Amino acid sequence: MATKPISEINTDYKDKYGFNDNLENVIDTGSGLNEDIIRKICTYKNNDQWLKEKRLAAYKIFKSKHLPLWGADLSEIDLDSIHYFVRASKKQSKKWEDVPETIKNTFTKLGIPQAERKFLAGVSTQYESEVIYHKLKEHWNKLGIIFEDTDSAYQKYPELFKKYFGKAVPATDNKFAALNTAVWSGGSFIYVPKGVKIDIPLQTYFRINLKNMGQFERTLIIADEGSSIHYIEGCTAPMYSSDSLHSAVVEVFVEKEARVRYTTIQNWSTNVYNLVTKRSIVKENGIMEWIDCNLGSKITMKYPSIYLVGKKAHGEVLSMALAGQNQHLDAGSKMVHSAPNTSSIITSKSICKNGGRTSYRGLVSILKGATGAKSKVNCDAMILDDISRTDTYPTNICDEESATIAHEATVSKVDEDQLAYLMSRGLSKEEANSLIISGFIEPIVKDLPMEYAMEMNLLIKMNMEGSVG
Amino acid sequence: MKSYKIIDFTKEEQDLDIYKDVVFVGLFVGRKEQFIKSKINFIVKKPGTIAEIFIRAILFDSSRIKLDCNIFVPKGMTKTDAYLQIRVLELSPYAKTIVTPALEICENDVKCGHALTISQPDPIQIDYLKSRGINQAEAIDLISQGFINSTIDLIEDDKIKLELIKKYSNA
Chain A
1 MATKPISEIN TDYKDKYGFN DNLENVIDTG SGLNEDIIRK ICTYKNNDQW LKEKRLAAYK
61 IFKSKHLPLW GADLSEIDLD SIHYFVRASK KQSKKWEDVP ETIKNTFTKL GIPQAERKFL
121 AGVSTQYESE VIYHKLKEHW NKLGIIFEDT DSAYQKYPEL FKKYFGKAVP ATDNKFAALN
181 TAVWSGGSFI YVPKGVKIDI PLQTYFRINL KNMGQFERTL IIADEGSSIH YIEGCTAPMY
241 SSDSLHSAVV EVFVEKEARV RYTTIQNWST NVYNLVTKRS IVKENGIMEW IDCNLGSKIT
301 MKYPSIYLVG KKAHGEVLSM ALAGQNQHLD AGSKMVHSAP NTSSIITSKS ICKNGGRTSY
361 RGLVSILKGA TGAKSKVNCD AMILDDISRT DTYPTNICDE ESATIAHEAT VSKVDEDQLA
421 YLMSRGLSKE EANSLIISGF IEPIVKDLPM EYAMEMNLLI KMNMEGSVG
Chain R
1 MKSYKIIDFT KEEQDLDIYK DVVFVGLFVG RKEQFIKSKI NFIVKKPGTI AEIFIRAILF
61 DSSRIKLDCN IFVPKGMTKT DAYLQIRVLE LSPYAKTIVT PALEICENDV KCGHALTISQ
121 PDPIQIDYLK SRGINQAEAI DLISQGFINS TIDLIEDDKI KLELIKKYSN A
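Residue numbers (our numbering), protein chains in the order written: chain A, 1 to 469; chain R, 1 to 171.
Think of the hints as simulated: they come from the structure by calculation, not from any bench. The structure displayed is predicted, hence computed values, not measured ones. C-beta: ideal position from N, C-alpha, C; glycine also. Treat the hints with care, as some may be off.
As the list claims (entries may be wrong) - Reference listing, derived: stretches of chain R covered by chain A, where coverage requires no fewer than 3 residues with Cβ under 8 Å from a Cβ of chain A:
| no. | stretch |
| --- | --- |
| 1 | 10-21 |
| 2 | 102-113 |
| 3 | 118-125 |
Unchecked claim - Chain R residues, not near chain A, derived (Cβ > 12 Å throughout):
| no. | residue |
| --- | --- |
| 4 | Lys32 |
| 5 | Thr78 |
| 6 | Val99 |
Said to hold, decoys possible - Below are the SDA-like pairs computed for lysine to any residue, each with C-alpha atoms no more than 25 Å apart in a straight line:
| no. | chain 1 | residue 1 | chain 2 | residue 2 |
| --- | --- | --- | --- | --- |
| 7 | A | Lys374 | R | Lys79 |
| 8 | R | Lys39 | A | Ile397 |
| 9 | R | Lys111 | A | Asp386 |
| 10 | A | Lys194 | A | His139 |
| 11 | R | Lys32 | R | Gln136 |
| 12 | R | Lys37 | A | Lys175 |
| 13 | R | Lys37 | A | Gly226 |
| 14 | R | Lys79 | A | His139 |
| 15 | A | Lys376 | R | Lys32 |
| 16 | R | Lys45 | R | Asp17 |
| 17 | A | Lys334 | R | Ser38 |
| 18 | A | Lys197 | A | Lys413 |
| 19 | A | Lys311 | R | Lys32 |
| 20 | R | Lys20 | R | Tyr94 |
| 21 | A | Lys413 | R | Lys32 |
| 22 | A | Lys374 | R | Lys66 |
| 23 | A | Lys376 | R | Tyr94 |
| 24 | R | Lys5 | R | Ser150 |
| 25 | A | Lys334 | R | Ser144 |
| 26 | A | Lys374 | R | Val23 |
| 27 | R | Lys111 | A | Asp415 |
| 28 | A | Lys374 | R | Tyr168 |
| 29 | R | Lys96 | A | Gly355 |
| 30 | A | Lys175 | A | Thr29 |
| 31 | R | Lys39 | R | Lys66 |
| 32 | A | Lys413 | R | Tyr168 |
| 33 | R | Lys111 | A | Ser402 |
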């Protein structure tokens, strides 16, 4: 087992993901936000009156709401310095050859076309505010699957869009959901028709290039009756001295007997505020799974939620957070049971080191009438040095006598007995540490597609070696 | 030498300092329209503290409980081994529980954990008791009494145990 100790978290981040391209932006609304900028965004995007009204109404809600008074410290965020809409490429391209050279270089460095050719069913990449390259394999097209960037989907399928937009996450939900509704741009729109099962994951990649940039994608996934889909998103950004903001909204609708798995591998640079609202509504016998891996960002506040509204619906969240220096990852999950015999499982694994802070913040709510509902929450935290911190804040609400909630949490460091045993078998301390940590996060990694699991293991291993004990 | 202290858990909010080896036992019994509200912050004050915290709540009628329990391990409190266990038994369809068992850990050389269950009486136990000729209401009474007694049994001091059994028998 050849290993190379790396003491800092994401030390290779700058070389691998942290480059920035000097390209001229076609449109930039400048910093700050007001009604005129929202009107300009509507004009650039050819939005009709319906959407324009939605955006303006959401802007008013955004102005009226205050920042969350709980969770991570957002006092340093400067919303007036953010660029709310930037367009890097004039047109959306269907062919790789049509994508501007500089942007293409970025994605070539990140292996997007290769990944697409090799194994992904469709790939959509969002650069700054808009999706610039997007292709869906013909086979899926024939099955009636819609995989568009959200802007195009609104133009092409307005009825379907209006039926679902804002139904899981209304603009009134929170300040950042309102902000996203006001200025959203790009994101993915996926519709899977009845009975269609996609066995290969669909992927999107998000990247911020400009400093003080805000990325506000809106993703809508609709899995019709009996269908199944796995969607993967990845995110990175270069490092600047000033902060950027990523505030996405993701709405997932799981119809009767459908299944959706949504995987996120978040590796933003450590100057990005990652404030995301993700919510899904699951109907009878449906299954929703969020797999949420958080490695990057300065502050993350993200709690993927599942509303189990149909009988025997099932929700599952696997959440992983790895916080290093100057990072506070406040992640968790919300599970709301409102129908009989619904079930849910939340598994959270967090690791903090070099002064990083991880928090698990969760909610399990069993409403009246959700007879026989069952929920199990398991959160484990590993704290690797004496300058880091970990917290667990799980709220459990039970309003139904016949329901069962079980919750368990542990906090510990790397077990010295395990370490001693592995070292007695000839492993170095670093190798032993690395192996123990791989075992710790195994429940999350085993559910990732093989290539991602390998990448994730490697990333964790690189981040951890030389830093424990 | 072991010492015992009675703590008033009914205060809406309180900080409890914990040192060395301690066992906390808390029992809440909710009846009628009662709304029990309790926020307890357990703060570790000495390195090497070993703490076991057992909190039980049993809810009859339309009683409700809002319970926030936090274990806070400040920096420097190495070798802390603290564990919080909360069990809530809901005996009525009108009962409601809101529980947040939290952990705030600022030290790495520690072992901390918590566990929570919110449930109704085990239907297998009820079926068994009914098969022995006991009706549903009596079976639930027996189970709830067992739940209370098992909590009181966690206390080692016989005098205190007896007092509590007297107070809560036929609860």
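Comparing the hints with the structure gives:
Check on the stretch 10-21 of chain R: 0 of its residues sit with their Cβ under 8 Å from a Cβ of chain A, so the three-residue criterion for coverage is violated. Coverage of the stretch 102-113 of chain R by chain A holds [criterion: at least 3 residues with CB-CB distance below 8 Å; count 12]. Check result for the stretch 118-125 of chain R against chain A: holds, 3 residues qualifying (beta carbon to beta carbon below 8 Å, three or more required). The non-interface label for lysine 32 of chain R is consistent with chain A: the shortest C-beta to C-beta separation is roughly 16 Å, beyond 12 Å.
Separation of threonine 78 of chain R from chain A is inadequate, the least Cβ-Cβ distance of about 8 Å not exceeding the 12 Å criterion. Distance check for valine 99 of chain R against chain A: the nearest CB is about 5 Å away, which does not clear 12 Å, and the non-interface claim fails. A hinted pair counts as satisfied when its Cα atoms are at most 25 Å apart, and lysine 374 of chain A with lysine 79 of chain R does not qualify at roughly 35 Å. Distance check on the hinted pair: lysine 39 of chain R and isoleucine 397 of chain A sit about 15 Å apart at the alpha-carbon level, within 25 Å; holds.
Distance check on the hinted pair: lysine 111 of chain R and aspartate 386 of chain A sit about 13 Å apart at the alpha-carbon level, within 25 Å; holds. Simply put, lysine 194 of chain A and histidine 139 of chain A have alpha-carbon atoms about 16 Å apart, close enough for the 25 Å limit, and the pair holds. Simply put, lysine 32 of chain R and glutamine 136 of chain R have alpha-carbon atoms about 20 Å apart, close enough for the 25 Å limit, and the pair holds. The straight-line distance between the Cα atoms of lysine 37 of chain R and lysine 175 of chain A is roughly 30 Å, outside the 25 Å bound, and the hint therefore fails.
A threshold of 25 Å between alpha carbons decides the hint, and for lysine 37 of chain R with glycine 226 of chain A the separation of about 45 Å lies outside it, so the pair is violated. Distance check on the hinted pair: lysine 79 of chain R and histidine 139 of chain A sit about 59 Å apart at the alpha-carbon level, beyond 25 Å; violated. Our distance criterion of 25 Å between C-alpha atoms is broken by lysine 376 of chain A and lysine 32 of chain R, whose separation comes to about 29 Å. In summary, the hint linking lysine 45 of chain R to aspartate 17 of chain R is supported, as the alpha carbons are separated by about 6 Å, within the 25 Å threshold.
Pair hint lysine 334 of chain A plus serine 38 of chain R holds up; C-alpha atoms about 23 Å apart against a cutoff of 25 Å. Between lysine 197 of chain A and lysine 413 of chain A the alpha-carbon distance is near 42 Å, which puts this suggested pair outside the 25 Å criterion. At roughly 31 Å between alpha-carbon atoms, lysine 311 of chain A and lysine 32 of chain R are farther apart than 25 Å, so this suggested pair is violated. Using a Cα cut-off of 25 Å, the hinted pair lysine 20 of chain R and tyrosine 94 of chain R is violated, with the two alpha carbons roughly 40 Å apart.
For the hint pairing lysine 413 of chain A with lysine 32 of chain R, the CA-to-CA distance comes to about 45 Å; that exceeds 25 Å, so the pair is violated. Restraint check for lysine 374 of chain A and lysine 66 of chain R: the C-alpha separation of about 20 Å stays at or below 25 Å, so the hint holds. Only pairs whose Cα atoms come within 25 Å are accepted, and lysine 376 of chain A paired with tyrosine 94 of chain R is accepted, the gap being roughly 22 Å. Of the supplied pair hints, the one linking lysine 5 of chain R and serine 150 of chain R holds, its CA atoms being roughly 19 Å apart against a limit of 25 Å.
A threshold of 25 Å between alpha carbons decides the hint, and for lysine 334 of chain A with serine 144 of chain R the separation of about 31 Å lies outside it, so the pair is violated. Distance restraint check for lysine 374 of chain A and valine 23 of chain R: the Cα-Cα separation of roughly 30 Å exceeds the 25 Å cut-off, and the hinted pair is therefore not satisfied. Our distance criterion of 25 Å between C-alpha atoms is met by lysine 111 of chain R and aspartate 415 of chain A, whose separation comes to about 10 Å. Straight-line distance between C-alpha atoms of lysine 374 of chain A and tyrosine 168 of chain R comes to about 30 Å, which puts the hinted pair past the 25 Å bound.
The straight-line distance between the Cα atoms of lysine 96 of chain R and glycine 355 of chain A is roughly 39 Å, outside the 25 Å bound, and the hint therefore fails. About 21 Å separates the Cα atoms of lysine 175 of chain A and threonine 29 of chain A, which keeps this hinted pair within 25 Å; it holds. With a C-alpha separation of about 8 Å, the suggested pair lysine 39 of chain R and lysine 66 of chain R falls inside the 25 Å cut-off, and the hint holds. Distance restraint check for lysine 413 of chain A and tyrosine 168 of chain R: the Cα-Cα separation of roughly 41 Å exceeds the 25 Å cut-off, and the hinted pair is therefore not satisfied.
At most 25 Å may separate the alpha-carbon atoms for a hinted pair to count; lysine 111 of chain R and serine 402 of chain A exceed this at roughly 33 Å.
When the structure is compared with the earlier hints, violations turn up for hints 1, 5, 6, 7, 12, 13, 14, 15, 18, 19, 20, 21, 25, 26, 28, 29, 32, 33 and for no others.
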